[in-house]
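Number of protein chains: 2
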Amino acid sequence: MLENKNIPKTPIASLGEFALIEALTKSFEIKDSSTQFGIGDDAAVVQHGKDETLISTDLLIEGVHFDLSYTPLKHLGYKAVMVNLSDIFAMNAVATQITVSIAVSNRFSMEALEELYLGIYLACKNYKVDLVGGDTTSSSKGLIISVTAIGKANKDEITFRNGAKKGNLVIVTGDLGGAYMGLQVLEREKAVFQVNPQSQPDLSEYSYCIERQLKPESRIDIKALLKDFGIKPTAMIDISDGLSSEILHLSKASKLGCQIYEDKIPIDPEVVKICEEFKINNTTAAINGGEDYELLFTIEQSDFEKVKGHPDLSIIGHMTDEASGYNMITGLGQQIELSAQGWNGIENKEGN
Amino acid sequence: MLENKNIPKTPIASLGEFALIEALTKSFEIKDSSTQFGIGDDAAVVQHGKDETLISTDLLIEGVHFDLSYTPLKHLGYKAVMVNLSDIFAMNAVATQITVSIAVSNRFSMEALEELYLGIYLACKNYKVDLVGGDTTSSSKGLIISVTAIGKANKDEITFRNGAKKGNLVIVTGDLGGAYMGLQVLEREKAVFQVNPQSQPDLSEYSYCIERQLKPESRIDIKALLKDFGIKPTAMIDISDGLSSEILHLSKASKLGCQIYEDKIPIDPEVVKICEEFKINNTTAAINGGEDYELLFTIEQSDFEKVKGHPDLSIIGHMTDEASGYNMITGLGQQIELSAQGWNGIENKEGN
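Protein chains in written order, with this note's numbering: chain W, 1188 to 1539; chain G, 1188 to 1539.
Chain W extracted, bound-state conformation (with noise of 0.2 Å):
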């Protein structure tokens, strides 16, 4: 999928580290009026002037996070940038700057790093943040990739994950499991391909998910879309890890408990018709699928003829107190605790 053995690749060793930088790095243009001066120095200079500055970072080692067996570099590029820029719009702030750093073993040939920075630049592009920095560098296994995202926001208009209070609205943004079920496919489809190399899978009917799991989009709206209805999220967090993770790490930093509703949590027609073709329930893959990158956060119960109805907020269910524990109301009327199964330990996901 990614190499066509067919044409001469540039070793990245006959370049040179900075030559290598200069060249992954030479279309990136600075856009944001905040950063001062980007690669070439020791640092970077960002000049957020009032504002608060917000600083989020992820590391992201093949073999773990990705398989470049069906991951085209491009789309990790993006994803890398993806990942880290969620983070930032979980604070209900701005990103500005990226820093990307890499390790590459020599497998990788300039040709493919070219691809996995266009995909950075592509990002960088379509969320007007700029690539002001980083490291590169070789590895002795695989390819491993260090995003750093800076942010800029308003001191009041930064949203912790500790503010929700109880009684609040618990809203998710867009739909969940499509990411998770989009893996599932692909994995499916590298069996497939290990068993059967001449396999020509058509894809097409799993296009969202595959398109979830490979090119995530992150919510870069929805800061806009609150202020425009005249809301201030009292506590927000991205999905990263799963919506039943990350409702309890909310939860937690609030001190509150957690009521949600099976039936109200969004799921997407194709995900659902994923889960019955591989027999999995589709609100586990929604509540611990993770990689969805939508926004999760709580509003005061005034605010609900605001948010009600609009096709990319779900209402959910509300906070409770801390004693209630952290419960899902079943589409049966069964009241189960939600765990945090979407994260199994440190051996298969990323931080937030």
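Hints may be right or wrong, so weigh each one.
Which copy is meant is left open, because identical chains are indistinguishable; a pair holds if it fits in one copy or across any two.
In silico PhoX-like links for lysine-lysine, alpha-carbon gap of 20 Å or less [stated by the list, open to error]: (1) 1439 <-> 1213; (2) 1312 <-> 1213; (3) 1419 <-> 1196; (4) 1261 <-> 1237; (5) 1442 <-> 1315; (6) 1402 <-> 1261; (7) 1342 <-> 1439; (8) 1353 <-> 1439; (9) 1352 <-> 1439; (10) 1237 <-> 1196.
The hints are simulated quantities; they were obtained by calculation from the structure and are not laboratory data.
Here the structure of chain W is known, so what remains is to put chain G in place on it, guided by the hints.
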């Protein structure tokens, strides 16, 4: 050196990621007044008021940048921070925050990571920077450390690489070549140990160089020193890849040539002694060795009297026009061209 097999170790997977981060970072206190919110949400919040914000990042890979057979994890943690702070100091700025992301394979125990973070903690404490975020994940092989440093500076104080003027004096701090010769000693002892694991080497006569390699300090003091002298450096860079490589960067960025004098390059007597033992030319060690994390900067000639004779500052040459090239005058009066030998392509050195 690192492991006493008799003490039971805590598997990392037994904790889970968030408990792991909590356990590793609970002793870190927020000290810098610009740190509004550190670890524990999607992003850190920093307020730099009317100062500029500086950002620098480095990625360190086991087997590429460090060898755990002779690098105590505590020192590695300390050094990982130093490498990044050095970049902030090289902008004539004050370091204020760091983020640290790590990926570890399952051969590391909780106790090993605590050692690593103890070094990070000491670096934060000694240099008065706050740890404000990061990511912790698994790796398929080895230990990976990604550090991003944030700094601040008044706009007028920031010193780029490109500001040197023809005739400016070239100055280095401290002395050079120690870290490289320390590495030679450690590599030799590793080879001896592999042949005879019972060997108990006496490394006391190499202690300065070994400390330069394993536990370098970065030059937090130079900004204040120059300010006291009433000097604004015209250009500055840190010496991570060797003097020769760095002076080429500074010269090229400033569109100038340079001339330095071999007998002005500061070299510690221990470096000279170890160089004799290893039959390495000590100038070669000093200009190509790297990892000394000293600063290289240029000042106006009129500032000569202010720095003359200062024990921490060596005037090693001056900037020339671009056509004159990049030259060193040897002790015998020969002129030789400087090249970036200190940096051997992407295979063995980190970026800035």
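Against the structure, the hints come out as follows:
| no. | hint | verdict |
| --- | --- | --- |
| 1 | 1439 <-> 1213 | between (45 Å within a copy, 17 Å between copies) |
| 2 | 1312 <-> 1213 | within (14 Å within a copy, 38 Å between copies) |
| 3 | 1419 <-> 1196 | neither (51 Å within a copy, 46 Å between copies) |
| 4 | 1261 <-> 1237 | neither (36 Å within a copy, 38 Å between copies) |
| 5 | 1442 <-> 1315 | neither (36 Å within a copy, 31 Å between copies) |
| 6 | 1402 <-> 1261 | within (9 Å within a copy, 39 Å between copies) |
| 7 | 1342 <-> 1439 | neither (23 Å within a copy, 41 Å between copies) |
| 8 | 1353 <-> 1439 | within (12 Å within a copy, 61 Å between copies) |
| 9 | 1352 <-> 1439 | within (12 Å within a copy, 57 Å between copies) |
| 10 | 1237 <-> 1196 | neither (48 Å within a copy, 48 Å between copies) |
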